[in-house]
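> One letter stands for each residue in the lines below.
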Amino acid sequence: MNQSAEKITNLKTELYNFHIANGGKMVPFAGYDMPVQYSEGIIKEHQHVRSAVGIFDVSHMGQFSIVGNEKDYLALEQIVPIDLKSLKVNQSKYSVLMNNKGGIDDDLIITKSEEGINIVLNAACKHHDITRIHEVINPSKTKLHDNLSLIAIQGPKAVNILEVLVNGVKDLKFMTGGKFKYKDNDIYVNRSGYTGEDGFEVSLENSVVKDFCKTLLENGDVKLIGLGARDSLRLEAGLCLYGHDLNPDISPIEASLSWALSKMKKEEGNFLGSKVVKDQIENGVKKKRVGIKPDKIIAREGSKIFKDDKEIGVVTSGGFGPSVNGPVAMGYVLKEFANEGETLELEVRGKKHQGKVFKMPFYKKSYVK
Amino acid sequence: MSEKKYSEKHEWVELNGDIATVGITKHATEQLGDIVFTEVPEKGKSFEAGGEAAVVESVKAASDVYSPIAGEVTESNDAIVGDPSLVNQDPEGNGWFFKIKVSDVNQISNLMNKSDYDKFVTESA
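Protein sequences, first through last, are from chains A and B. Note that the numbering used here gives residue 362 to position 362 of the first sequence, counting from 1, and the numbers run on in steps of one. Numbers in the numbering used here are just positions in the second sequence, counted from 1, shifted up by 369.
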């Protein structure tokens, strides 16, 4: 058999060559070749985002939109349980794409725009998600914007640095956005992110993205940040990574994401999987996602969790938290052991090590509200 | 003190009499990235050549450290347990992992010298 014919070629974002030119170490991720780190390494990159500002290429994520008015997009509520009518133009919400088992097919950010609805989807799920969305929304009203890149600018200095290039972004509140200009180009900026820091996500044409990043990097406080630090930053912030902390067999209630479903939808219950969700809200869940702080050992994804020799759960994300300066993890445990401060044991390399249920986030920063 | 020898698993060994100091190579630390956790063997523990002896974890993953030579542990480096970043800073010096009383000093001839190891690294890249 011809081996080269079997080789899977990963997709590249517009910035692929730019990452390599800047010392990016490329790894396969969700079907793309993405930078896991640059030359300084994950810990320095992580700390840089906490103290200054980092830029992340998240263009592998799906930028999808439904163009039209309420009658064109309202059916989305059947699979994404939020209240689209009360969402204001330029306001964003974190939510989930439900399946008929009451499980989560993806987690996503929805923004109401003047033209309709914009959705940011996880790279690995985007094509499946779009198929699912087309079951309730007329495909002719939708579009996946492969012509756009997405850049996250995160950290306490993000606002001051971006304001210089894009006038007016300083006035955005957390989880709101708007149309802005960058050197005469139309861009969309949202004050959001996934690091636990203040920051922005900027959607712009592929033709402009390299110039935009280069210009940002002219400021010495700005550094490129890879997926490695993105993972440790989001874990410290207690945020889920789809495919690890969330999957089609886990409900939003088990995932401690009840807040990502609107109150109205939870009461009305008219969405896919709502029977399971309502039953769990009324009668409780068997297992629940919690934060776990191991005393000493790093417990990674797959580490079994025990209480008095009884297996009670599993770690779904775990690693070293550079800002916590110690190991952090999250995982699912039986509900009776999900209380803050509960001591438990984590199995690592065949030995059990102490840890505690910890109320997330592990690292706290205040967002601009 | 003898010249440093290297294993294919990216450990180094330095023999002083019948006591060998073992650590991981600079190349290994570069591949691992930021080291955030180490586990070193207790004094008195015995290993075969190639036996799992210690653990090194970077932000990215956990890896085993093997003893390239058979013997009994006489001392381990508590400094790298307290400050694992020492391994990144000085992998082939202060970032050593453990010392072992070797059962057969001739075993060291099975390992590579510096130039052979460098060649091995280049070829396996």
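Incorrect hints may appear among the rest.
Partial selection, computed: residues in chain A whose CB lies under 7 Å from chain B [to be verified]: (1) GLY41; (2) ILE43; (3) MET264; (4) PHE320; (5) VAL324.
Since the hints were derived computationally from the structure, they do not count as laboratory data. Note that beta-carbon positions come from the ideal geometry of N, C-alpha and C, so glycine has one too.
> Return the numbers of the hints above that this structure violates; sort them in rising order.
Structure breaks hints 3, 5.
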